[in-house]
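So the protein lines, in turn, are chains E and Z.
Position 217 of the first sequence, counting from 1, maps to 217 under the numbering used here, and the rest follow consecutively.
Position 213 of the second sequence, counting from 1, maps to 213 under the numbering used here, and the rest follow consecutively.
These are computed hints drawn from the structure, not numbers from a lab.
Please read these numbers as outputs of a predicted model, since none were measured by experiment.
Mixed in with the good hints there might be a few duds.
[Said to hold, decoys possible] Derived, one-sided and incomplete: chain Z residues facing chain E with beta-carbon distance under 10 Å: (1) Asn22; (2) Arg50; (3) Asp90; (4) Asp92; (5) Ile217; (6) Pro218; (7) Tyr321; (8) Thr379; (9) Gly382.
[Unchecked claim] Stretch by stretch, here's where chain E covers chain Z in the computed footprint (C-beta under 8 Å, at least three residues): (10) 10-18; (11) 73-81; (12) 126-132; (13) 193-204; (14) 230-244.
[To be verified] Derived list of chain Z stretches under chain E, where covered just means 3 residues or more per stretch with a C-beta under 8 Å from a C-beta of chain E: (15) 37-48; (16) 113-121.
Glycine included, each C-beta is placed from N, C-alpha and C at the ideal position.
Number of protein chains: 2
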Amino acid sequence: MPPSITILPLGTASAVPSLTRNHSSLAVILPSSSTLIFDVGEGTQHRIQRFPLKLNKVEKIFITHLHGDHVFGLCPLLATLMNGAGGTADPDADPRTHDADAPPTKPRIEIYGPKGLREYIRAGLTLTYTHLGDWYVVHELHFPHDAPSDPTEHCYLKEHPSGTNIPQDPQGFWRDFAAWTHPAHGNVEFTISAAEIKHSVPSVGYVLTESPRPGKIPRDYAARISKHKEALQRSGHENPMKFLGLLQAWDCPEDAALELPDGTRLTKPPRVRGRKITVLGDTCDPSPIIPLAEYSDVLVHEATNAFLPGLDPATKGTETYEAVEERTKSRGHSTPEMAGRFAHAINSRYKDDDADGPDGAAKKIMVRIGVCAMGSWMTATGSSEGLRVTCARDGVPIEVKG
Amino acid sequence: MPPSITILPLGTASAVPSLTRNHSSLAVILPSSSTLIFDVGEGTQHRIQRFPLKLNKVEKIFITHLHGDHVFGLCPLLATLMNGAGGTADPDADPRTHDADAPPTKPRIEIYGPKGLREYIRAGLTLTYTHLGDWYVVHELHFPHDAPSDPTEHCYLKEHPSGTNIPQDPQGFWRDFAAWTHPAHGNVEFTISAAEIKHSVPSVGYVLTESPRPGKIPRDYAARISKHKEALQRSGHENPMKFLGLLQAWDCPEDAALELPDGTRLTKPPRVRGRKITVLGDTCDPSPIIPLAEYSDVLVHEATNAFLPGLDPATKGTETYEAVEERTKSRGHSTPEMAGRFAHAINSRYKDDDADGPDGAAKKIMVRIGVCAMGSWMTATGSSEGLRVTCARDGVPIEVKG
């Protein structure tokens, strides 16, 4: 059983934070403990201090869109991650400026997001005289309508010159633009891709995909090899048990096989599909990402507004679900029912509903929001089979088992 | 007795926040409940939610310098103060763009600080598509070496066109650049001035000064008028008690007097000096502000590093106070002893030491920091008479009685 991936919601509120819910941010901790952060609302570093997340493991940051409640915490987080506070008016007087005049091969932090992100970070760091003690890089995911720009022009102090603008492919995706290799054997273990999701400003969703893993070795293989051990050794297999190790190797050839003296063959078990985690920011229509997000193990989806008559005292008597959905969409957001329908559209196995209640939201409301999402799934499938809805709460981790 | 002014520290940490101390921010609540905020580190709006501070009373924001730990919370606070989240990529599609095409006479929020502040806010709001629902204005305090710029050029959406660049006067001050009038009688009750304080980037300190108040009427005035009431009425004073009301009026002439039939004169008691509160940000040498800050009732002064042998386990055996002070100054900061000496230099009556301990700082350390500050005051004066040292803590208010 491979180790779990942990999804840790750092903030699940939208624009206005409450005492228990901060602005949007979510961490994904890979089995290697490499940590990815999706969106960085104001106060994200404060949340990280309270939660079991190691700052030195944060490697990559992904921004879904540039609304303030998703990025206002980014520059301060970079400052904390890279010893960046308190520069001087004259950069030449700061030792960090000269620490390493030549950039290292690999920057400390890699940041991905829509066009404008690079300029946002440059302005935020420059105008506050923030001199970082280590290097960062920005890769922008460009839409065809984005004006071309040279990413290496006007690099800020400690902005690594390897920054790129990644074009959308003809199918509308940014495929496998970042990858993680397995720390032991060096094969690609995870990749990340992105696609547009509709919102009031340019916005992308991210899909983290684990590579197919070696299949589980049938229980009887060891006993069967053991039974024929001496005969196998005589026919040239010095240590026939080594075959089991070969089957677990990522680069084991598909046709690997061991023929036993009784004429039967032990063959390589088929690879097991890896896990898939889809993280969406704010959206009223994520359909462009469906081809990438199909069969996700976890879908993180917002649900900003919900129709909760009898439960939400702000519901007017004449209000209908349709009116709430209409209004929610017009602001670029979703209802729990929309989130549930989308989970069905991608055949997600589990669905994690990043729902937002009013300040001091009662658990009742959260449960009801979950039921709304579940209801639209059940309407589509006729059953709740295969669906788990979690209303995310700041700091409550979700384990994605291998 | 006039109502208290309340000083509420919102954040007392420096660059790296802890669970109990946030980045720099401080509120001053005037008797009229008008609220001023000095510096806005990341997460200030989160602190305000926990503390008894009314967002709708926040009128003016003063920035001491543009380091990130003093301004990273400014754009998100503006968004929350003025309904600013979630704009669209096309501003014309947002109803707030058209709400009030003509700016109102007075913007909702006025912001003051060193050059660069206007551009910082513009960049932060523009690149995050933040469309505010109300107007703000930025007034920059310009040093003579600051490049001239037109404050009304390139105004951002809802940036009020009344923004100014305020030049330093020949004495090196920005005097009385903002004022508050008394809600009842309309006379100027408070003014604010600024001067440079030395730090690693351009930095100013602020001095809030209350106008002299009418003096207290001597206890025997009422009885003496009463004794001669009829004689006074005969000589033309229809209601001689009215004289007491005149003496309490802010615009009472200095030579106001009532001659009693026994030949004695009741004269206007001398005005009482108003309160004075000096708020400094980060500094290693605030001496340019001394002429403005003299006789402050409260001085808010940082003390980033302290020499605490035997108490701070990080103290090396060979360390000396002089070495700590030297290192602290080289980074643009102060020790508690420097803060205490400065309190003496301005003859402050009370001193509020905005001291910063390490994460989870024990109360012992805070007390010792206070003692360091007190020690340097006592060395200078030979007595602790007239000094009160408070080590500020987030959310613990300090009342400045009238």
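Enumerated hints in conflict with the structure, sorted upward: 4, 5, 6, 7, 8, 9 and 14
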